[in-house]
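Fit chains B and C to the given chain A structure using the hints.
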Amino acid sequence: MSNDSVNTFNVSLFFPKSSTSTVTNKTGTWSFMRPSYLEKTAPCSVHCPCGQDIPRIEMLVSRGQIAAAWNTILAENPLPGTCGRVCFHPCEKACNRGQFDEAVSINAIERYLDDAAWAASIAPAAARGSAKGRRIAIVGSGPAGLAASYFLSMLGYECEIFEAAEEPGGILRYGIPAYRLPNEVLDREIARIRALGVMIHCARAVDSAFLEGAKHTYDAVFLSCGNGASMKLGVPGEELALDGLAFLRSAKQGEGAARTISVKPHGSAIVVGGGNTAIDVARSLRRLGVSPTIVYRRRREDMPAFEHEVARALEEGVRMVELRAPLALARLDGGIELKVQKMRPAGVGADGRMRVVPDGDATELIFADALYSAVGATHAESWMVPPDDGRVVRLSHAAAFWDAPVGIPLLYGGDPVNENESVADAIASGKQAAIALDVFFQKGAGAVKAELARCAVGDGTSLSMEIYLGGPRANRSGRVVSFKDIPTDYFSPSEKKRGASLPPERAIASFEEIESSLDAAEAAMQAERCFNCGICNDCDNCRTYCPELAITALRAGRRDDWSTEAGPARAINSDYCKGCGICAAECPRCAMIIEEQQS
Amino acid sequence: MREVLEGSQAVAEAVRLARVKVISAYPITPQTHIVEELAKYCADGSLDGRFICVESEHSAMASVIGAESGGVRSFTASSSHGLALMHEMLHWAAGARLPIVMAEVNRALGPGWNLWVDQTDSLSQRDTGWLQFYCSDGQEALDTTLLAYRLAEILNLPIMVVMDAFFLSHTYEPVDVPSQADVDAFLPPYEPKFLMDTKNPYALDEVAPINVYMEMRRSIQMAMEAAPGIYQAIEDEFYTRFGRRYGLVEPYRCEDADIVFVTAGTAAATARVAVDTLRAKGERVGLLRLRMFRPFPAEAFRLGLAHAKKVIVLDRNCSFGAGGVFAQELKAALYGPEAPKLYSYVAGMGGRDVTVDTFSELFTMTRDQDEPPLGSVWYGVNEEMLRS
Amino acid sequence: MKNELYSGAEYLNPGHVGCPGCGATIAMKLALRALGEHTMLVIPASCWAIIGGNYPQSSLKVPILHTAFATTAAAASGLRAALDLRGDRETTIVGWAGDGGTFDIGFQALSAAAERGEDFIYVCYDNEAYMNTGVQRSSSTPWGARTMTTPGDKWKRTYKKNIVEIMAAHRIPYAATASIAYPEDLERKLRKAASIRSGLRFIHLYSSCPTGWGFAPEHSVRVARLAVQTRAFPLYEVEDGTTYAINQAGDKPVREYLRTQSRFRHLSDEDIAQIQKYVDQEWKRLVRKAEEA
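Those protein sequences? They're chains A, B and C, same order as listed.
Numbering that gives the first Met the number 0 numbers the first residue of the first sequence as 0 and each following residue consecutively.
Numbering that gives the first Met the number 0 numbers the first residue of the second sequence as 0 and each following residue consecutively.
Numbering that gives the first Met the number 0 numbers the first residue of the third sequence as 0 and each following residue consecutively.
Chain A extracted, bound-state conformation (with noise of 0.2 Å):
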């Protein structure tokens, strides 16, 4: 016989020999927990007057998305060049990672973002919504009539803003000194409000006469006229004071502005206040080689004015003298004598801060060259803000005044209505208004209140127009990311990097802006340190750990292609999760959930 045929005898071979997959098991069937993708929201965000969408714009700066990123601080704050120098980032103070090691830079990073994109000449992805055939006037072109102007734009309006001084920026452009916010920058910024379709009227101041007749060429008006008349100091010899405001507007369109109302160099100076204003003019005046002396009747941590600038302002050689109450201003040898009177703390008040009282009756002398006042400003006509009118409705950063007599509704906004003084928050006075606005027309006055609720950032009072415009981020939860939520050991300390600083002799020497840009790398490697907290960034931890492969990515390709788009782009296969959970525990940045299965 050959071995072909002996080969050929069939011969029962029948053992465990398998090539078939365990994959047609649904061993899904087995869970009685169900994970799942929850983006949250991030405490940065919800602290963020803007309510800027920061996590995100960390995870594309993280991954060099520039454009991206930048056009997603764009859909919340049509200024960032600004912000990313004169904010003062209360996202940082509410940062997860401060509580790891230092928070995020999210304010350099900022600056950085809106720099890179302008170097790169990144086109903004915002524009001009369809027209809903309306126009609105807006009075001021501060930061709060420009994010007004550029919000409503966006929602199809038609916007002018009448501005009274010769250009548009209004504190901006002459309030906040070179050194922190130089020109060119602001004027970046408002071009760009300007290409999409605001006409800015300069020099044209208005007045009450105006509101009376708009309503003939306007549905709205929109009044953000700032807090420009500074406070009296209130005590004999008042007169002989500088005005600080006046000395900063002066100072802002020039050195040589600046020195016409300013003492010769090297004499002295006293600034009266604790607010951002007396720093800024302490600062100034150093600039132009004057000896400055703040004197301010409360402590130093009492001061309103924000603690980074107060401490730089001493590194520049700028004294202070704390718990001095002026009394009284009188000439003497051609300079100042500023009578004060000894304060001590006596507890605090009702509304928080340290009160002061005089402490007996000691006084002291101080002498100057000169007195700046910088105790605060007010509104300079009465219609600029809101009748004490139960009728007009107190929102948080505006109020309404659906059915003023002028017969079309006028909101306010910027510093006279808001409680915190600062140009974020006069961008929320914009976008509060504008979202406003847009519902009354929409949806009738009654609507409002719900409305801003919904678009709220978190628990807190910030709004997104993403949420309003239902964008991604309405999907996410408003329950808050708290640090307890996010499993810190993945991730290691590093430092926290701020743009480098001129040191301050070098700063004193002239109005050259002071702190520079992180560079691309410096960048990336800040927004790495950023948790992303509850936000999807794929990470993909969760997928390196699903024992079951029970997830899929939806997003197919090369990540580069794709890592713009918004939202998790995951997908939890129910039929192979046995809902361990693993996933969801060990999410690094707390964007998903685990509940009991309903059956």
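Treat the hints as calculated values from the structure; they're not laboratory data.
Note that the Cβ used here is the ideal one computed from N, Cα and C, for glycine as well.
Don't take every hint at face value.
[Said to hold, decoys possible] Heads up, incomplete: computed chain B residues facing chain A, CB under 7 Å, no partners named: (1) 205; (2) 214; (3) 225.
[As the list claims (entries may be wrong)] With a Cα cut of at most 25 Å, we get these calculated DSS-like pairs of lysine-lysine: (4) C:60 <-> A:25; (5) B:330 <-> A:16; (6) B:198 <-> C:191; (7) C:60 <-> B:198; (8) A:16 <-> B:192; (9) A:16 <-> C:283; (10) A:483 <-> C:251; (11) C:288 <-> C:159; (12) B:192 <-> C:251.
Below, chains B and C without anything else, positioned relative to chain A:
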């Protein structure tokens, strides 16, 4: 080529001729000469294979299972305690349907330690799914090893080539060693029916649930049932090529025999002399040598013993509590009204001599006894020692 | 935090029967991601003998040779020999056994294969007891743990074998610990092990077991991470039995780890102090060896 070879060398020669690739073994007397010889072949390159010096017989069988699963022809050899230690893996090899061939040198199990011939070790493995062939000389050991590879690879079952300790393993005899070309023609390169392959990934030998396990066991039984027929076909071819054949059972002068000896291994060679001696005295006696034990060639025995009136079975083993294993198996195979009377003797365990006189005495005892006693009779035991 | 897209092929199929949160399943998934398609597994009796699938299914896309409990290293040796003789040097063979199959019943074969210098990777996925048979102690069960065979007040009062030290003492080219909580480290070590082709490479892979240790399945990774952070299971590697490197630092008190699992719930403060002392001693020893290197 005719050479004088030790039984162990004859087996090693067959393994070399079979172009075995992996040999894995652990030393145990009296199997060592086989593996030493193979280690030498691997070392000198006369065998293109790898010798794995494992740390136990359990690992020897496990590594051979690994090698066969990897698709190469493999070999191991053991004895006695070594085989007992392998027991788990013997089941595994059969269940995994791997055509492994091993040489098993029959040796007694301790305690007490005993190096000498005894079949209890291999017969303890009768239910593992291995085929078993018992050889009685060096030539047969060589030939059976070659036949075993051919058969195993058709059946996908492992085969044990069994030989007596010392009497065969250490005895030099003339052996006709076939040429490599002839062997290659008879035993083509191994073509596994399945193997571990990353391009065609199987999970082998995994969990078999209730709904398939029994069918898998039935499949082994079916292959076993097919084995005698296939073996005979292979042996026909072997005979054509090499001029030698052995059969499932080997009859000697059985044609007109009233009484037939049944035994295995070297004792059968002794029995053959006894048959001649008794025949010379006019006794109608024959020998039916057991060669294949698993599967048990019941049909061959029925045929071979069709005319016998009495059968004398000599077992060099004992299934304690039952008796000689060959006798029991044969009794079961022959069961029926036509069956000859079967006389079971346990003898020669632990190396005790089985001589021509032994067979002559057993013949006389059997001839003079009309009915066989129940159970096995222990022959040659010193009853003195057992009185206490 | 890594920010790289999780990509590449998977070699684990869904639909396997691993317990929810099974660390050993994660271990396999990560290991095969590192090793790729040219891999063959040898798996003895163990949880993975079950997770691997019932006939006619397999939960893995690479070939598996299931084998008897004690035989991982021996079967892998034979398989390696076969592949070598077939001219396949590309495929990596991985013996994949539990702690029982490694520390206990399979140890003899493992030690022998190490001594012979067999060319394969041996992964002991360690869940610190015979889990598949219902949680009986093994010689990998740590001091202080309760199991079904160290129940009640007879909780285990002997220390876990230091298997990596034992393997390193064989002077194998590579011995390392790895943990499912450190996937990059785990994958790096497996790739490194695969790249070494002379001698046995041993990976001691910590695989947390919610079912056997008594914790909620979502904490599998957390428990594994705490084991490293508390030095109960340090991550380190040993080259040629002599050159030690510690891969992950941690200095949390071991109590934090013990308190996550019910198998340690009965331990008193004194017991925990004793474990801490032991952990400290072992760590000191390890640091000394790493410093010598």
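### Query
Looking back at the hints listed earlier, which ones does the structure fail to meet?
Hints 5, 9, 12 contradicted; others consistent.
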